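Protein chains in written order, with my numbering: chain A, 9 to 671; chain G, 9 to 671.
Just so you know, the hints here were simulated from the structure itself, not pulled from any lab data. On a predicted model such as this, the values are computed, not experimentally measured, just so you know.
Derived list of chain A stretches under chain G, where covered just means 3 residues or more per stretch with a C-beta under 8 Å from a C-beta of chain G: (1) 62–71; (2) 103–109; (3) 139–152; (4) 194–201; (5) 214–224; (6) 256–269; (7) 607–619.
Listed below are the simulated EDC-like cross-link pairs for lysine to aspartate or glutamate, each with C-alpha atoms no more than 20 Å apart in a straight line: (8) A:LYS41 with A:GLU248; (9) G:LYS609 with G:ASP451; (10) A:LYS534 with A:ASP614; (11) A:LYS569 with A:GLU540; (12) A:LYS16 with G:GLU119; (13) A:LYS41 with G:GLU648; (14) A:LYS569 with A:GLU621; (15) G:LYS569 with G:ASP541; (16) G:LYS569 with G:GLU620; (17) G:LYS609 with G:GLU654; (18) G:LYS41 with A:GLU648; (19) G:LYS16 with A:GLU119.
Cβ coordinates follow ideal geometry from the N, Cα and C atoms, glycine included.
One letter stands for each residue in the lines below.
Number of protein chains: 2
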Amino acid sequence: MRKDVYLKTVPWREAQGLFLDTVLGPGRRARTKAEVIATAEAVGRVTAAPAFAVVSWPHYHAAAMDGVAVSSRDTAGASETNPGRLDRDQYDPVDTGDPLPPGRDAVIMSEELHPLPDGRLEVIAAVPPWDNVRPVGEDVVAGEIVVPAGHRLRPADVGALLAAGVVTVAVRRRPRVGIIPTGDELVPVGEAVAPGQIPEFNSVILAGMLAEWGAVPAVYPPVPDDPGAVRDAMVRAAAECDLVLTIGGSSAGSGDYTARAMAECGEVLVHGVNTRPGKPVVLGLIYGDRRPQHGAAAREDRTVVVRGTRAPVPAVGIPGYPVSAVLATELFVRPLVLTLQGLSSPAAEVLRGRLTRRLASAAGVEEFVRVRVGRVGDEWVVAPLSRGAGLTTSLVRADGWLVVPAGVEGFAEGQEVEVQLLRSRAEIEGCLLVTGSHDPALDVLGSLLGERHPGLGLSSANVGSLAGLVALGSGECHAAGCHLLDAETGEYNAPYVRRLLAGRRVVLFPLHFRQQGIMVAPGNPKGIRGIEDLARPDVSFVNRQRGSGTRVLLDWLLGQKGISPRQVNGYAREMFTHAQVAVAVESGTADAGLGVLSAAKALGLDFIPVAEEQYDLAFLPGTLEDHRVRALLEVARSGEFARALEEMGGYRPATGDAREVGP
Amino acid sequence: MRKDVYLKTVPWREAQGLFLDTVLGPGRRARTKAEVIATAEAVGRVTAAPAFAVVSWPHYHAAAMDGVAVSSRDTAGASETNPGRLDRDQYDPVDTGDPLPPGRDAVIMSEELHPLPDGRLEVIAAVPPWDNVRPVGEDVVAGEIVVPAGHRLRPADVGALLAAGVVTVAVRRRPRVGIIPTGDELVPVGEAVAPGQIPEFNSVILAGMLAEWGAVPAVYPPVPDDPGAVRDAMVRAAAECDLVLTIGGSSAGSGDYTARAMAECGEVLVHGVNTRPGKPVVLGLIYGDRRPQHGAAAREDRTVVVRGTRAPVPAVGIPGYPVSAVLATELFVRPLVLTLQGLSSPAAEVLRGRLTRRLASAAGVEEFVRVRVGRVGDEWVVAPLSRGAGLTTSLVRADGWLVVPAGVEGFAEGQEVEVQLLRSRAEIEGCLLVTGSHDPALDVLGSLLGERHPGLGLSSANVGSLAGLVALGSGECHAAGCHLLDAETGEYNAPYVRRLLAGRRVVLFPLHFRQQGIMVAPGNPKGIRGIEDLARPDVSFVNRQRGSGTRVLLDWLLGQKGISPRQVNGYAREMFTHAQVAVAVESGTADAGLGVLSAAKALGLDFIPVAEEQYDLAFLPGTLEDHRVRALLEVARSGEFARALEEMGGYRPATGDAREVGP
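Put together the whole structure using the sequences plus the hints.
The structure is reproduced here in structure tokens:
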């Protein structure tokens, strides 16, 4: 069953270059046609030609002040010692913006007037011509260029155009981009999904990205996995759009028809690029019913959009995994859509930071790894996120992409790396990195923080309590969440801090007390009543990862009952969050797991309480002066957070003071 | 007639603080109400609450590869040397995304399958449970927070929400902002304007800015300068909006009614702030018919938007000069509109650069000066633009604001200053600064450059040929435009370079030859035939500024005819551009001026040719390797530019090589 998945995997820059050169022609100068629209509605549009002033602005000599309009000649020679006098017919009161009456060429400000009882004015200084006057064309003169071609109009640009009498403006037509979701498994968003079915949400992501780049997305109904249907949909969309995207079916498996369909109604330029994720991309052209002769002449004719409907239309087969889809759209669709409007594709902002852990990557592939970034102390730290191409939440959490070039097999822990930012530096700076024990209450805390202090946020990484303390010690996060029971003293957290971060002072801030318990299926079919039942041969268990506080608690509880881990069926099966443990129980792959009540409640599981534990946030003392940390601690002690904990169930708000631990 | 213009001019930060505290309440925590909308339409909106996953994603155990689904137990112990065999009922073919059939817990990839002729499969390695499977909840588990509150939804966030079954989402209502233009002088955009009338374009600028910040602008019909009409319009808008802006009439002159109207239907908190431009701002509240009791209790009640229609509505009187209007809206409206949505007001990006010339500023006023910024060599240079509050084109050309604090009387030439950017660094980096002689063809050249090379542009400063060469020498621009005739040799430009930039090597690139001539009113009513007529007592002239090539040319032409400048009536009246000279002639304030044909043509003037001159762009040699300069020179030699010159009239394209001048 082994087969050649791709004819050829092309370096993505080469693929991008071939695609853009083919579609945009020599010098990549193809643009969408111009259209003339009302200037007042042109904010965000790109000028197709320079816009020349139709009238001068101001279009008349205007008073620049409230006062009186005079003829400067009538004031010649006037001074403090030898004041002049203006008769009633030698001046006219004017307000700012009024036109200068005929024969007047200057304005004296109200504040500097000396009226005489007989209605005349005394003038104590000669007034230069055009003083306090905005002459015709001071801002712009008819015939001058107000904005150049290729300029994205901002609100103030539109104002300047309207001031200059430019009431319509030639702009580039927004490229119309057809989006065709493909796949038998797709159901419309909001409908019930059976196993094997998925809601069709990729088109919403792509349409949103395209709209941000100035294109007009047109989402077509999903097409089943049938080569003829995919081809027909492509041809139909090509007749109506400047660019056609399909989603899914772009790989080379038995149910993947994008490349085949594109070859049937056009031409495949590239199938497969050397990126991870995003490898299964198809780049090509759709000819519709007008398949041209091959050869040099036909190639010339490929320049697409500027030639109108008779020309071939560019097409991209986007992979179906969401992260792959986003990356492929960034790499191959964005530059095309921007260039068609005469815009550049500005490079992403780049930031250099220290990698928190080793990152391995296969050679020969350019890997795009989503990362979280945080400013800890004086340093930027870069933490890789999970790399699955289907992880939509990694796109939500990502602050940037870390690119591992094809010739590099990865980066070492602590190495300085370059990140292409997906958020602004300011947004990233507002975010606190909390590493350590997973707790659903942390997400709630972060949400309240952002709601109460716009611009601040909390990003948590679930590595377990022990690894969190280690990360805190090496400056990789602002705080570590931990709930580590010391078997000898019964004390929480402080003994571990002394052991793991010997010589460092750490502040432990009590966040809450929480109920841990055994999660079981609704109705507790196996009749589990406590820790001792986990040793039963008919009970399967799902565990948390080594180093997590919950695992430490389990080991302590088992020890109390004299049970060996080897007696627990499934002790080796590790999950990284309470929620993942809950879902394993809910989906029937385990009978029991240890975790917090809120996770059990969320999935409707039964819960057998076994212990209440103390959850602390650990900080290095210097951090407590950080305004973000102060805001976080204020929210953590707020009534709102206490109420939120109560609603979640299984929590008791902490009220105690922070404890300092260490030398 | 002297009067107190403002009761009190408040430092703007204090005014902003008072306004925001009053409107948003203690801690500035007031937000617009939440509304529930379809998630698919929520891109750009701000979450009003954390959004919890409704279903887990994936919602079933899914094959992560094309291959066969197996039970891992059936592969236990298999190895290369001791392969296992799977019967036909021990495996099921699956494609990526298919649900795992009951009893299966792992997938073997197609590439690793060894089918036997009898339909069985050979397995050469034990498969761990959950290998090549995306388990339920791998991405997100029902009940987990997908996005926190106060989060501006990006396309990928919306995708993650839809994957998690979140089909509706609670977002902050967009604040509705009423905009009331005021003034008898306003006419609708596109209608004919008489002297004293102006098109009402400020509301378009403000509406565009508000939309960018997430608000919904509602533009009301213009209101005449009548205190009752302004008050009625305020009350009506307050009943329908979360915030009311008036434009114009915010000063304290005889025709300014904003403050009075606001006091009549509400309360004025601030009238006048210490900024330039933007001083005449009114900040206050509109009570409508519900003027509350004054005192502490009433003050509590002011927290506005969250309380619904019964509460007072904040109002801002925006000044009518466009630059003032933009600044006041940035300072007082933006933070309110963003905070009401739960968003932060990120500080503008800041850049440090060297000021090209001395900048004086009055003490006691915080001045916001528009500046152009450019990267010349390794340095950022900052060039102040004209400061008039009515100059809409200065908003088009500005790259940023340079703020001169109230306690500072200005900055010295060459001083390092901080600029708050209005464009991205990338946009600014793409822009070439050309300083020196004004020529309309430069704008055309810049427009072609941007059209052909998206991201590149040209920004010209009209300081005259001589000042341009000096600026080039001191590294303040990329190129200097010049057309300087040496009286002794008859040679253009090179002798001046030798004189002004002694010891520097300069490259002179011939841009074009252009016709200079005398511009006169249509029909040439004064019968002017040549330079000698400028000495006639009945002819008034308008000149260009000292140091401009056109002035040098005039002086040479006058010298040829033996005419003294003192004989020319109006020799001292200086304009900075050809267009301004043309408009002086067109508006009848001068009978004649010297300039290029294109400027005369634009205003329909008659033109008497007197000389053809050579216009060069001067560069320092190192600059010629700059990719932006190379692109510029390529466009300057293109057929498109030659055609554009021909269309403008009075130009001849240059074809000669660049000349190197200097030691």
